Amino acid sequence: MKIGIVVFPGTWSESDTYYATKDILGINTEYIWHKDQKLNNCDLIILPGGFSYGDYLRTGAIASFSPIVNEVKEFANSGGPVIGICNGFQILCETKLLPGILLRNKNLSFVCEWSNLKVNNNSIFTDKFKNNEIIKIPISHGEGNFQADERAIKELEEENRVIFRYCSDEGETNIISNPNGSINNIAGIINKQGNVLGMMPHPEKACEKLIGGIDGLGIFESVIKRVTNGN
Amino acid sequence: MVTEETLKELALTFSEYELIIQKLGREPNKLELGLFGALWSEHCGYKHTKKLLRTIKSKSKNTLTEAGAENAGAVNIGNNKAIVMKIESHNHPSAIEPYEGAATGVGGIVRDIFAMGARPIALMNSLRFSNLSDDRNLQIAKGVVQGISGYGNCLGIPNIGGECSFDESYDDNPLVNAMCIGLVDKDKILSAKAENPGDLLIIIGAETGRDGIHGASGLASQNFEETVELRSAVQVGNPFLEKLLIEACLEISEMEELIGMQDCGAAGITSAAIEMAERSNLGLSLDISKVPVREEGMTPYEVMLSESQERMLIAVKDGEYKRIFEILDKWDLKCSIIGKFIKENVVKIYDKNKLVSETSIEALTNPPEYSLDQISKNYKPEIKKFLVKTSYKSFDEKLIKQHITELLKSDNLVSKKSIYKKYDHHVQTNTVVEPGEDSAVIRIKDTEKMLVFSCDGNSRLCALDPKTGSEINIAEACRNISVMGGTPIALTDGLNFGDPTKPKGAFQLVETFKGFNNACEIFDTPIISGNASLFNEGHKSSINPTPIIGAMGIMDNTIKTPKKSFNKNGDKIGFIGKEVWGSDLGLSGSEFQRIFENELSGDISIDLEFEKSIQEKIRKLIKNNLIISAHDISIGGFITAIVLCCEKNNLGAEINMSVPDSWAGALFGEDPTRILFSFKEEDKSKISEILGNESWKEIGTVTEKNIKFENILIESEPLILSYNKGFSKDI
Chain L
1 MKIGIVVFPG
11 TWSESDTYYA
21 TKDILGINTE
31 YIWHKDQKLN
41 NCDLIILPGG
51 FSYGDYLRTG
61 AIASFSPIVN
71 EVKEFANSGG
81 PVIGICNGFQ
91 ILCETKLLPG
101 ILLRNKNLSF
111 VCEWSNLKVN
121 NNSIFTDKFK
131 NNEIIKIPIS
141 HGEGNFQADE
151 RAIKELEEEN
161 RVIFRYCSDE
171 GETNIISNPN
181 GSINNIAGII
191 NKQGNVLGMM
201 PHPEKACEKL
211 IGGIDGLGIF
221 ESVIKRVTNG
231 N
Chain P
232 MVTEETLKEL
242 ALTFSEYELI
252 IQKLGREPNK
262 LELGLFGALW
272 SEHCGYKHTK
282 KLLRTIKSKS
292 KNTLTEAGAE
302 NAGAVNIGNN
312 KAIVMKIESH
322 NHPSAIEPYE
332 GAATGVGGIV
342 RDIFAMGARP
352 IALMNSLRFS
362 NLSDDRNLQI
372 AKGVVQGISG
382 YGNCLGIPNI
392 GGECSFDESY
402 DDNPLVNAMC
412 IGLVDKDKIL
422 SAKAENPGDL
432 LIIIGAETGR
442 DGIHGASGLA
452 SQNFEETVEL
462 RSAVQVGNPF
472 LEKLLIEACL
482 EISEMEELIG
492 MQDCGAAGIT
502 SAAIEMAERS
512 NLGLSLDISK
522 VPVREEGMTP
532 YEVMLSESQE
542 RMLIAVKDGE
552 YKRIFEILDK
562 WDLKCSIIGK
572 FIKENVVKIY
582 DKNKLVSETS
592 IEALTNPPEY
602 SLDQISKNYK
612 PEIKKFLVKT
622 SYKSFDEKLI
632 KQHITELLKS
642 DNLVSKKSIY
652 KKYDHHVQTN
662 TVVEPGEDSA
672 VIRIKDTEKM
682 LVFSCDGNSR
692 LCALDPKTGS
702 EINIAEACRN
712 ISVMGGTPIA
722 LTDGLNFGDP
732 TKPKGAFQLV
742 ETFKGFNNAC
752 EIFDTPIISG
762 NASLFNEGHK
772 SSINPTPIIG
782 AMGIMDNTIK
792 TPKKSFNKNG
802 DKIGFIGKEV
812 WGSDLGLSGS
822 EFQRIFENEL
832 SGDISIDLEF
842 EKSIQEKIRK
852 LIKNNLIISA
862 HDISIGGFIT
872 AIVLCCEKNN
882 LGAEINMSVP
892 DSWAGALFGE
902 DPTRILFSFK
912 EEDKSKISEI
922 LGNESWKEIG
932 TVTEKNIKFE
942 NILIESEPLI
952 LSYNKGFSKD
962 I
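Protein chains in written order, with this note's numbering: chain L, 1 to 231; chain P, 232 to 962.
Keep in mind the hints are simulated off the structure, nothing from the lab.
Check each hint, because a few of them may be wrong.
[To be verified] Cut-off 20 Å, straight-line C-alpha distance, at most; resulting in silico cross-link-like pairs (DMTMM-like, lysine to aspartate or glutamate):
| id | chain 1 | residue 1 | chain 2 | residue 2 |
| --- | --- | --- | --- | --- |
| 1 | P | Lys561 | L | Asp23 |
| 2 | P | Lys648 | L | Glu30 |
| 3 | P | Lys579 | P | Glu509 |
| 4 | P | Lys680 | L | Asp23 |
| 5 | L | Lys35 | P | Glu557 |
| 6 | L | Lys35 | P | Asp560 |
| 7 | P | Lys676 | L | Asp169 |
| 8 | P | Lys565 | P | Glu509 |
| 9 | P | Lys278 | P | Glu247 |
| 10 | L | Lys209 | P | Glu557 |
| 11 | P | Lys956 | L | Glu208 |
| 12 | P | Lys879 | L | Glu170 |
| 13 | L | Lys35 | P | Glu509 |
| 14 | P | Lys794 | P | Glu935 |
| 15 | P | Lys960 | P | Asp403 |
| 16 | L | Lys35 | P | Asp892 |
| 17 | L | Lys209 | P | Glu679 |
| 18 | L | Lys106 | P | Glu946 |
| 19 | P | Lys803 | P | Asp677 |
| 20 | P | Lys771 | P | Asp366 |
| 21 | P | Lys676 | L | Glu208 |
| 22 | P | Lys936 | P | Glu946 |
| 23 | P | Lys794 | L | Asp127 |
| 24 | P | Lys680 | L | Glu113 |
| 25 | P | Lys312 | P | Glu247 |
| 26 | P | Lys652 | L | Glu113 |
[Stated by the list, open to error] Here are the computed distance ranges between Cβ atoms for each label pair:
| id | chain 1 | residue 1 | chain 2 | residue 2 | range |
| --- | --- | --- | --- | --- | --- |
| 27 | L | Glu170 | P | Gln633 | 48 to 54 Å |
| 28 | P | Asn800 | L | Lys2 | 35 to 41 Å |
| 29 | L | Leu210 | P | Lys608 | 36 to 42 Å |
| 30 | P | Gln633 | L | Trp114 | 34 to 40 Å |
| 31 | P | Thr286 | L | Lys35 | 30 to 36 Å |
From a predicted model like this one, the values you see are computed outputs, not experimental measurements.
C-beta atoms are modelled at their ideal positions from N, C-alpha and C, and glycine is treated no differently.
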């Protein structure tokens, strides 16, 4: 299998993601430059974190008009698995592959810290975890406040598509354990078909004990297993 | 004839002007005067500090650069890898426009690092503000932190730590020192030079605008009386463009066609291009009409002196720029060939075909050097004894508790989390020890090495006695490295001082260098790079002399790094270092003195050889995996250190000592060379074997809660709460 990491000008998490999938997990991984025309037969596409095009105008807004994003859309619409991390999540919302939008954090400040996430294991990206397992993954964003209209939220909840929620050490999802004001403490969601994941936390930053934890590995491993098993 | 006002604007004195005439053999025109003003400024020319800088220890077996010869200093860490590091100040711009001042401070130091061909792998910063109770100070602090956050986070460089402290001496004059660390293959370090006549000079990145004119000479070289008029001297940053520059320049740095790279920083093209020519022993022919500009009608003077951000200069072999331009195009970066290096030792500046200036490079780059020794001779330091009140020398449980509660609310002692939370410290996935500890640790991928970094300085001690204070600062920087298990190998310094033309300012600088020299020799830590920010004068007085020390240590990645926090109920607490329990030593210059006496007085001292031996001991214990936590006693004294050890895991401590009558000295004294550590009881004999029974002491046990001495019990919970509540005002 082959993983493709899309690089926009201003992206900065591509090498961390590459290190996680290639050096730690040993999966063939390549970068896809935003000016490239093709996804090069990759089996999993990752839109990594950073500040694509400086996040000027609105986070992810300019990137969503990048030619390569049309390819990503086509890939996703034909069922290919896509993960958008942080800025990648923002881009997926701008392209409408995922519902909602990421607003400025409620307290208007950038936030970087290890966050607790409660996992919904009903997705191809999380089936290695136990349901409601609490994992630790860093966040690092100024615009991670997920919001959508009432109908979209209702749909997300009813269809069990909220995959990660910010929570306390004990698993409580409340205002205290919410770092950015996201509605229902939402940290990550999937699309209707279940093949597109957007998440604000950075799983690629949690793949080694030495630097604080390995809970991010399960996300990559879950989807890699699905792809290599052919479903 | 030049007016006094013009000279003042350029921070040149009349005698300097006369010297210029003498060197040129004629009167300089306006452009030339601007070039001299910039290049003879303290920021570029180091006219007040060069003599002192030459005395400093800047070499060791690990250093790879000559001090001051390049954009930053480099040190060998083995495996064909080198670390490049430097600290730089952006004090004056941050006082006027806190957000942009601090943001562009980060931008500038990052460019210094990748100009050496090194990938920036970490940022740190050291901040100084006055009391947050004043609205303007609060606004400055907020703006500075948001600026560092806004610019730094966009670059994908982790901000791994630093410090922030408060003192009245920084009224109107905050300090913003940013430090950047880069990694480069040892054989690929770039130099900011050309090689041969005919080599091309190319500018890359942002267009040149009218911003930041006179930044180096005006802002950084004068005091601060008419700040309002200097507003246009602060630059505005574009971190996205900087990120593109980093990636493009690092890609170009691998190419054969590239000869040298230089950051366009203070004094813009003037300083960058002319210093490049000087280093190469060549001259330069420059056409300012080739410089891409933001606005129509910019004069040669404006183009040469603009400090627009996000610009780099490169030297490229004649005719061999095609592949380089392709890479710049890939990153959508503008570039333009603006000149050529020539044999003759002059800089010729053309505006299209018109020669607008022809000046000797030797004259431009050799400002007068002032001897601060002479100026400082007129200064007799005031020696003020600290008379410790009798009530501080008589055991009084109620009074002690009151003082502990009050002191631990100080903005200088509480958690700085609300600041470092705003900086990305995980990106690049190397951060082993995050901000909030005594120093930060990062691993270097593909090697067996971990590096330890600290960035701080205690200015109150330097105000009392700049020489001893500086020795203590370097000792503490090294101690912060040692308590994490690292061996200190190199330093970078940010000199933040008042007016060096006044006897007091000169004295403080001269003494500081004496202290540096003593300490650097003993710790074998060369100062490989640095920055001087002088003329830090608020409206009322000059700042405390504030040398900031950035320190780097190295260790194997097999070492289990202890953190400051106690880990488990029942673990034992040990102490090594200077025994001061029972004395009032260490109250001079302390936070206790500042908060309760509003005073700055007394004597300070340090025994550097003893300090070195203590640091070796703690490293030995860590190497042998015998200790669980380690933390040095510094600001806030013994009691603050214990609270910080207890805070993270919400534990307590039982100390097998009585608080003596001179309780203030014992609990709050900040005398250096003291380390607390915790260990497992079964390792006690091994620790004694390594250290010898004499040189350490078991002083207590980690408990579930509260801090209990033999004669007093202090509730820990309120103190931990107050620590974690953070600053008195939300920054």
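Hint check results:
no., hint, in the structure
1, Lys561/P with Asp23/L, "violated, 27 Å"
2, Lys648/P with Glu30/L, "violated, 37 Å"
3, Lys579/P with Glu509/P, "holds, 14 Å"
4, Lys680/P with Asp23/L, "holds, 18 Å"
5, Lys35/L with Glu557/P, "holds, 14 Å"
6, Lys35/L with Asp560/P, "holds, 12 Å"
7, Lys676/P with Asp169/L, "violated, 31 Å"
8, Lys565/P with Glu509/P, "violated, 26 Å"
9, Lys278/P with Glu247/P, "holds, 11 Å"
10, Lys209/L with Glu557/P, "violated, 41 Å"
11, Lys956/P with Glu208/L, "violated, 31 Å"
12, Lys879/P with Glu170/L, "holds, 18 Å"
13, Lys35/L with Glu509/P, "violated, 40 Å"
14, Lys794/P with Glu935/P, "holds, 19 Å"
15, Lys960/P with Asp403/P, "holds, 18 Å"
16, Lys35/L with Asp892/P, "violated, 74 Å"
17, Lys209/L with Glu679/P, "holds, 16 Å"
18, Lys106/L with Glu946/P, "violated, 35 Å"
19, Lys803/P with Asp677/P, "violated, 37 Å"
20, Lys771/P with Asp366/P, "holds, 17 Å"
21, Lys676/P with Glu208/L, "holds, 12 Å"
22, Lys936/P with Glu946/P, "holds, 8 Å"
23, Lys794/P with Asp127/L, "violated, 35 Å"
24, Lys680/P with Glu113/L, "violated, 25 Å"
25, Lys312/P with Glu247/P, "violated, 44 Å"
26, Lys652/P with Glu113/L, "holds, 6 Å"
27, Glu170/L with Gln633/P: 48 to 54 Å, "violated, 36 Å"
28, Asn800/P with Lys2/L: 35 to 41 Å, "violated, 51 Å"
29, Leu210/L with Lys608/P: 36 to 42 Å, "violated, 54 Å"
30, Gln633/P with Trp114/L: 34 to 40 Å, "holds, 36 Å"
31, Thr286/P with Lys35/L: 30 to 36 Å, "violated, 53 Å"
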